[in-house]
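Student: Given next are the chains, with one letter for each unit.
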Amino acid sequence: MIHTARAETTVPSTMTFMEARIAYEPIVFAYVSRRIRPREEAEDIAAQVFVDAYVQWRRLRGAPKYWLLGIARRKVCDALRKQRRLWSLQEGDAQACALGGYMAAAEVRQAVAIVMQLPDDQRDAFLLQVLEDMPIDEIAQVMARTHASVNSLLQRARTRIQRTLDVQNREGLSS
Amino acid sequence: MNYQDFERNIRAGLAASEPSDRVSDKIDQRLASTRQRRTIRLRLTVALAATACLTVGFLVTPIVRAYAEMQRMAGALDNVRSVVMTSVVVRPDGSRQFSARISYLDGRWKIEEPDDKLIYFNNGTRYVHDKATGRTIVETGLKGPFTNNDSSLSLTSLLGDFQRWQPRVHQTIDQAEFHGMSVTRAIAEDPTDPHRIVIYAALDTDLPLEIDQETKENGRWVVTDVQTCDYRTKQTVASFVPDLQAFPPIRKEEYDSNRVKQLVAEDLGSVLLNKGRLVVRAMDVASDGTVFVTCQSGERVPMWNRGYPVDVSDDLGTQYSLLYVQSRIDPEVIARSTDGKVELCVFIPTEPIQPWRPRRITVTARLQSDLVLDRHQWGMWGNRSGQTESMIWYYDKSREFKVVDIARRQFERPTVNTFPTYASIIDPALFDDASHFDQEKAKSRADFYRGLEDTANEFRWLNEVVRSPKSTGERTMAEVRLSDIADHAKPK
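Each protein sequence line maps, in turn, to chains A and B. If you read the first sequence in this note's numbering, its first letter stands for residue 1, the second for the next number, and so on. If you read the second sequence in this note's numbering, its first letter stands for residue 1, the second for the next number, and so on.
If you are wondering where the hints come from, they were derived from the structure by calculation, not from laboratory data. Glycine included, every Cβ here is placed at the ideal spot set by N, Cα and C. One thing to keep in mind: the hints can contain errors.
Covered, in the sense of this in silico footprint (three residues per stretch, anywhere, with C-beta under 8 Å from a C-beta of chain B), are these stretches of chain A [unchecked claim]:
hint : segment
1    : 24 to 36
2    : 50 to 58
3    : 123 to 136
4    : 163 to 170
Starting from the given sequences, assemble the full structure and let the hints guide the process.
Tutor: What follows is the structure, given as structure tokens:
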């Protein structure tokens, strides 16, 4: 099978802005809110995604869902860079983790920290797969990359994560 | 922790927030703000489009958004062998001022503009008499004097074009009296735009006799531009032949190439980068204080403008806004110089500095620790209030940098009146005439104040754009009234 994610993006969409907004507002907000804290800021960024989409709707090619998520992805990256801070857990998440026990909460924090150490592209591809349950073809459309390129990013991300986990597990055993 | 636990922990740690109506409310709020600003923008764009129209020809529309789109409008003249189209702008006192005359005869074109600019087109070749150099600049292989489409001059074709270019356009067709005779009248308008065109066409031939552009001012439609089409004037082929004796021909490529060669031969100062060097090739200051800096940064990739490579400051403490310029990117030019593509940066005083005062201008650049050039970036997104259509200039503040001086020059007097001649080689669309450039400067100032969220000054400069003589026929409008725009945008 030949994957042509980039070629597919040249097909104009017949969806109107309002239809896309109704259909994908929850998905875009979910995407942003997983990555941006506090919630108010995630709301602002999600809103800005749709304003930008409205302004540039005539340029839309391909599936609106992936186009919107692509805009959201860039906005999240910009916001994270500007904030110069790592993603943090939601208060509710942290509380839930605390109830589940100190060790569980620590593991969650550790997992998030490992993801944050990944290069931007690897991190984005990995999280689109894990959090958004997206197949590789869809990730390719969001990231404007080829199927092979996304596959490579995912492989490298997993390898790097596994290596970090191995090191941490060894250190945990030895200590 | 194993890999499966890891993924589960990621899902737990980065769970999505519960959706709420607050996101929808924020989107609605920002879209409302954007739409209002967009309407004003549209009006300004229309003003610029109208300017382009006068140059381009007989099709005036208030709904075209950019010069490039305007260029596509010039069409073939099916079934019409000869026509003279004269454009005038209508002053507030009702008097009329010549704007352009476009003559057509069996495939030949002649375009006369008020500043004695003369353009001929015949058989795919465009001839421009250039007074500055006394040469005729010849460009071949063109589809039309402007560009081409398959439209004809018939009313049906014109209205079809409007519908195709802008689906929101509303058309009203009826019969009206025009200079004592019964004609077809077609009105094409966009409900969100306080501009419209009115076409008067002959009943029998369907050919337009007059095309008016109207602007809604203080609640009523006012004619601001009139283009008349005369099909009866006798024309001879001789009047469509350029005078190559008085103005010897030079190919456009050669003309541009010579000018670029002259430009890149200068070296006003440079600094080494991790790849190549940043070198300033030219510095000019116009009479209103606008600063032009031309430089090369070693970049050889013919990509779209990536932002400004330099900044300027002066000893008067002037604050500058930036004007977006499409820099010269074609590979031929890049290949001629070892220092990469030629980039033009235009710095506009946020308020004009007049009368003239001598000043010392310093060109600086920001370098990152690895000597990578830290460019001044631009973006279309806006601030938290939902202002999204401005040209925002910014630096990526997360990077470490140092500022280095590259060139410094004392200017006792302005070196150019409006803009340097080489500017039109770098961006012919922007630097086509002084009034168009004035509009662009006013837009940049408006963008600057929008960035500061200084609405009063932003609107002051937006008004300046609309008041420009080229766009309104020297019509002094009371002001851009938001109520006009808002009223007009209401659903009917």
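Student: State for each hint whether it applies.
Tutor: Going down the list of hints, with the structure as the test:
1. 24 to 36: Contact hint for the segment 24 to 36 of chain A vs chain B: holds, 8 residues under 8 Å.
2. 50 to 58: holds (count 6)
3. 123 to 136: This one holds; 3 residues, not fewer than the three required, reach chain B with a Cβ under 8 Å.
4. 163 to 170: Since 3 is at least three, the answer is holds.
In this structure, none of the earlier numbered hints is contradicted; all agree with it.
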